[in-house]
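S.K.: Sequence:
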Amino acid sequence: MRWPRTRPSTTRELLRAEHQPRAQVARSYRPLLWAALALAVAFAALHFWRGAQQDGVQQRIDELQAGNAALAADLQRQRLLAAEAQATREQLERRIEQMSGELKKLKTDLAFYRQQKPAK
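All residue numbers in the sequence shown are consecutive under this note's numbering, ending with 132.
What the hints contain is simulated information worked out from the structure, not anything from laboratory work.
Watch out, some of these pointers could steer you wrong.
Below are the DSBU-like pairs computed for lysine-lysine, each with C-alpha atoms no more than 35 Å apart in a straight line [as the list claims (entries may be wrong)]: (1) K119 <-> K129; (2) K117 <-> K129; (3) K129 <-> K116.
All chains should be built: construct the whole structure from the sequences, respecting the hints.
M.R.: Below, the structure written as C-alpha cells:
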C-alpha cells in the first residue's frame, strides 16, 4: 500500500497548529474539571450530611447512657432497700422465735405454780 504524500506545512500552519492544540486540550479538559468539581462538592455535602446525622445519633446515645446510669443507680438503691428489708425481716423472725420460747417457758412455769397453789 502506498501512502499519499503530504505537502510540507508552511510556517503559518505550523504556528497555528502549535497554538491551537493547547486551546483545544484546555477546552477538552473543562468538562472533566467541572465534573471533578461537582464530585468534590457532592462529596463535601455528603460528608456534612453524614456528620449532622452522626451528631443526632451521638446525642441520642448520650441521652440513653444518662438514662441507663439513672436506672442503674435506682436499681442499686432498690437492691439495698430489699436487702435492708430482708435483714429486718430475719431479725424480727429471730425475735419472734425468742419471744415464743420465753412464752412457752412462762406458760410452763404458770402451769407449775397453778398446780402448787391448791396444795397449800
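S.K.: Taking the hints in turn, state whether each one holds.
M.R.: Structure-based check of each hint:
Distance hint between K119 and K129 is fulfilled; the C-alpha atoms sit about 15 Å from each other, no more than 35 Å. Annotation: proposed proximity of K117 to K129 holds, straight-line Cα distance about 18 Å (limit 35 Å). Between K129 and K116 the CA atoms are separated by roughly 20 Å; this keeps the pair inside 35 Å, and the hint holds.
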